[in-house]
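Peer 1: Residue numbers (numbering that gives the first Met the number 0), protein chains in the order written: chain A, 0 to 337; chain B, 0 to 337; chain C, 0 to 337; chain D, 0 to 337.
No wet-lab data here; the hints were simulated from the structure. Misleading hints may appear alongside valid ones.
Copies of the same chain look alike in the list, so a pair counts if it works inside one copy or between any two.
[As the list claims (entries may be wrong)] No more than 27 Å apart at the CA atoms, straight line, and that leaves these computed lysine-lysine pairs for DSSO-like:
#1 K327 with K35
#2 K6 with K77
#3 K304 with K35
#4 K201 with K6
#5 K77 with K156
#6 K77 with K304
#7 K304 with K176
#8 K324 with K6
#9 K199 with K156
#10 K6 with K156
4 protein chains.
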Amino acid sequence: MIVEMRKGASTQEVDGVVERARSVGLEVQLNIGTDKTVVALLGSNTGQLPTDMFAILPGVENVARIMKPYKLASREFKSENSVVNIDGIEIGGDRIVIMAGPCAVESEEQLAAAARAIKQAGASILRGGAYKPRTSPFSFQGLERTGLEMLASVREKFDIPVVTEVIDPHDVSMVAKYADILQVGARNMQNFALLTRIGKSKCPVVLKRGLSATVTEWLTAADYLLAEGNGGVILCERGIRTFEDSARFSLDVCSIPVVKRFSHLPVIVDPSHAAGHYSLVPALAKAALAAGADGLLIEVHPNPKEALVDGLQSLTPSDFGRLMKELKAIARSLGRYI
Amino acid sequence: MIVEMRKGASTQEVDGVVERARSVGLEVQLNIGTDKTVVALLGSNTGQLPTDMFAILPGVENVARIMKPYKLASREFKSENSVVNIDGIEIGGDRIVIMAGPCAVESEEQLAAAARAIKQAGASILRGGAYKPRTSPFSFQGLERTGLEMLASVREKFDIPVVTEVIDPHDVSMVAKYADILQVGARNMQNFALLTRIGKSKCPVVLKRGLSATVTEWLTAADYLLAEGNGGVILCERGIRTFEDSARFSLDVCSIPVVKRFSHLPVIVDPSHAAGHYSLVPALAKAALAAGADGLLIEVHPNPKEALVDGLQSLTPSDFGRLMKELKAIARSLGRYI
Amino acid sequence: MIVEMRKGASTQEVDGVVERARSVGLEVQLNIGTDKTVVALLGSNTGQLPTDMFAILPGVENVARIMKPYKLASREFKSENSVVNIDGIEIGGDRIVIMAGPCAVESEEQLAAAARAIKQAGASILRGGAYKPRTSPFSFQGLERTGLEMLASVREKFDIPVVTEVIDPHDVSMVAKYADILQVGARNMQNFALLTRIGKSKCPVVLKRGLSATVTEWLTAADYLLAEGNGGVILCERGIRTFEDSARFSLDVCSIPVVKRFSHLPVIVDPSHAAGHYSLVPALAKAALAAGADGLLIEVHPNPKEALVDGLQSLTPSDFGRLMKELKAIARSLGRYI
Amino acid sequence: MIVEMRKGASTQEVDGVVERARSVGLEVQLNIGTDKTVVALLGSNTGQLPTDMFAILPGVENVARIMKPYKLASREFKSENSVVNIDGIEIGGDRIVIMAGPCAVESEEQLAAAARAIKQAGASILRGGAYKPRTSPFSFQGLERTGLEMLASVREKFDIPVVTEVIDPHDVSMVAKYADILQVGARNMQNFALLTRIGKSKCPVVLKRGLSATVTEWLTAADYLLAEGNGGVILCERGIRTFEDSARFSLDVCSIPVVKRFSHLPVIVDPSHAAGHYSLVPALAKAALAAGADGLLIEVHPNPKEALVDGLQSLTPSDFGRLMKELKAIARSLGRYI
């Protein structure tokens, strides 16, 4: 941590900073410049100490953090890539893993039709929501427990792992019985009560990036899962909120190489929620692969026109089949495979 | 809802829109322009219908919503201002209500010192967090149940109502026993499981705006509380996330007149979390009042340098006293009082 | 244009809207709903009329625009893709065109070394700035006229077209003598005096997206160029300003399919300015191609460590060579070529 | 400047940083921590040196700037407040200066009516645009030279100074003949060719904040004016671009105390462009005063319904009169006057 003193700060003020730093076990190095004094604070845990404890002292102009606030998710903590293994499917290795299916589970027929279509096209994990966090209380909220049972039945029938969202901390262990992977939605990325429970469950988990979370905050949220001993964390970029309104969110494709640089965790991309419109999904899916994503989470519905939720961003089975062919060609050009 | 057809859309495509609209009970008016056909859909519940159900139909270019998605929070639903009564203190009337206190409850001494100072300066409600949602799992997470008991004891001793945050849906009824007002934090604005429980509890509630929530989404989240019959909803603006980094968040002062125009709910402002730095708090507090806020939520700590959380944005009792004098003068100039 | 009247608006108020609409030659269709009256205004030029002229009338709640404000840049105006031809190199066709070179022209040796390297790797257009708009007046501002002469000399020697920025409207015709393509920088996207001059010059032009411009504003700025009869407009996405700070800007990769959907103009991508760091450039370059970009504008410097401007985001010739191989593989997988 | 080395960086890599720093005359202090080495670079001009020159060196993880990039606009350069004197009217002193008038000069009658109304209500400077930078080339672009002559005539008749925008660098000296204050529009904040000319002209100037400029970039743009010897710089906050769409822009009210903390320049606020709607202007104007603004720039039109530009955000003379009474009361409560 670097503490910049105000121009003309007194010796006592500098001493105040030094004392407080030593009181929490930090090493101190003073840099007395012509204009300003700068105090460097060194130690292995400065990323976890609040900058405020120094910023508030008299004579301090500003405090800059050098260490990142996340720890367990960092590549400095673990240098080799983490790979999450779901029934033999490795996420974070050479293979690019495609997860697809409807936004919401609506019926066993709908889910089975989706499972059949996506499996045939080459996807390896089925998605489907039984609990739907909706902006308005007057919208369809999901089939809940019934939806989970449909997921379990279709998983069995098609021998395909499933990923599904959990929204209440007290449902975690129950939902984990039905799901191979839990999903934390973007609006819950900093629902720490939920993260702690999922951490304890040890169930693999897709952690969606909050719609206005920095990459740093996202990796720090992952620390909540990792700190409880859950190593099966898969990050998922799904678009951030910006001023641009031609798509629902702005896919931050640059977050992929940034995550790869600073973290060991695998990262996948949800192009459907970012786009908000089926016509934009293929371009975003292809861009995500080219940027280095380890997988995709794509909405596919057997009949988008009749979908209860987010039909506009869902691909039809035939559009999805076409996209999968393109994705396979790109994967090969990158030296990976689907 | 206004459905714009693509240039050259066929008669069958237009008919498809008309049929779907009639199937959900909407009136239809066709506008056949020189370039494009536009279909207006009329009905009392178009704000709650998803635009997607039309946007996905063949030949449709775009769908624009005319009605707002929120309903119970709207001024069209209830034209006169709502006033929330806390033990005789009215929020949403002529009086401007000041809530103040430490970010986190740290000890009974600390809380009592804060209560004494803020009451003396003219604040009427005490704030203090027992459950702290923190970005990193390695930060102090609050005293939890012990903190609530300290709040109850200080409330008794100083005869002052308290507001405190709840973060887990399953704690709502327990926390409501200790608090006069529950607080939903910004990161939980769309934690719908939590909102539904608080709605059922009927306990007055401060609903902080999510850090990237539009005013429309904020009012729609309020609908979750109102739909369960909880009329004691107080909105709280606390800054939004933007590119500007000289303060922690950008206080959206314009949200105050916007809320007043479109909703009947009272709105208060938290200048402390927006600013992130004590030196900026007074200017934001004064601006909020001048823009029409019904109250303020300000962090005050007896000794900010020793605060466990957010000391940098906390005012000292003497700074708070000075600010209160300025706020009273501004309130008078606006024809209101504190 | 759709004019939504307030609940309870009077007949006279509705008539006021109808009269004003007819006074500017629009057709009117009234939609009298149960709650509200909605007036649809139809005509071929509603995209260019200000919504304000109706929004300000008594009894009006809101005005929504259906037609886009841009006209000449729209796919409705011209349905087939525009192709810009630079000395036989087609931008906007099947070939993906790579423009590369240093941020700033520093010397003839530097520029020649860059030209040799990028040509050998397969790039077909040389970039280099002689006029540099810099955030601070104390930074290097470019070699100006001398830099242009170096560009001309290297263009001759290596037989490669050049693209260079112009920043003062009164320099347009002079710079156009040295350049094959003019560049409008992001900060000048709405410098309308500059756009008008470039429009009149008829010189092909790369129009960079403003760092907080919507796609709609970007296409409307292109209308300034097209309206003066300059058909050689090439759009360039270079990242937008958001809250995320791990890269210099957030590359809005989704703007590529959005532009392709709504406009006939070719679109290229500058991954270097978006990234701000050389380590992120390859991932963004590959993503841009996969998303459908017609070309790239990449910073390459023979010796980035000694660059006077933006060295950190410049690739070395050998890194660029490696990237070009990867880009060629991706282009092939997309059915295109470099 | 603080250079953070990568974990495990070699001695040669650290030496490389030290050498480069010494080569540009900086003092160096090494901080060898347990995990990482941190190099502090000290000198009076580190704010003006590009961080890239160190970030690009081998073994460097990150470079953080301690000194701000602006210099002449900083309070460290000049500690007392600057006051700009326009014909005896002081901007930046105790008095709050109100500038008002139409967005665009439309006719001498319109301008005279506006001048009469605003002077009577207590405003002291007349605004009016003769050159209008418009998003679309098909919109009204201003009366240009004729408009300037109308401004000069009304200035004479009503004995009131005028502020007007200039958009082409080559018009600066001509426009300065007609105007008491030049205005640089938000979209031109980083039009450095324009800033340099205005700097040389020595004419007082209102520098609007760019719609996505940080406060730091805004003050650095002011350095362009100050570096040419023009001390008459007045900053103007006018709203920034964010995701919120209920107003045209989000007024960053916090920029006022931030500017006051870091700069000596006066700062005024334009609530009209921020709001985009007349109903929101009064709340923003009052908030700006309470936050410490030195003045306001408000759009007033004798007949907003007939305005050629931005009528929706213009106040009528009677609304403006009412607002001025409220503003005077607030100014008094702050110990200032209008």
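Peer 1: Each hint should be assessed against the structure and marked as holding or not.
Peer 2: Okay, the hints, checked on the actual structure:
For the homomeric pair K327 and K35, neither the shortest alpha-carbon distance inside one copy (57 Å) nor that between copies (39 Å) is at most 27 Å. With identical chains, the CA atoms of K6 and K77 are at most 27 Å apart between copies only, with a shortest distance of 13 Å across copies and 40 Å within one. Taking the shortest Cα distances, K304 and K35 sit within 27 Å of each other only across copies (23 Å), while inside one copy they are farther apart (65 Å). In this assembly of identical chains, the alpha carbons of K201 and K6 never lie at most 27 Å apart, being 51 Å within a copy and 31 Å across copies at closest.
Neither within a single protomer nor between protomers do K77 and K156 lie at most 27 Å apart by alpha-carbon distance, with minima of 38 Å and 51 Å respectively. Taking the shortest Cα distances, K77 and K304 never come within 27 Å of each other, neither inside one copy (46 Å) nor across copies (30 Å). Neither within a single protomer nor between protomers do K304 and K176 lie at most 27 Å apart by alpha-carbon distance, with minima of 32 Å and 47 Å respectively. With identical chains, the CA atoms of K324 and K6 are never at most 27 Å apart, being 62 Å at best within one copy and 31 Å at best between copies.
In this assembly of identical chains, K199 and K156 lie within 27 Å of each other by CA distance neither inside one copy nor across copies; the values are 29 Å within and 40 Å between. In this homomeric assembly, K6 and K156 never come within 27 Å of each other (Cα to Cα): the closest approach is 71 Å inside a single copy and 45 Å across copies.
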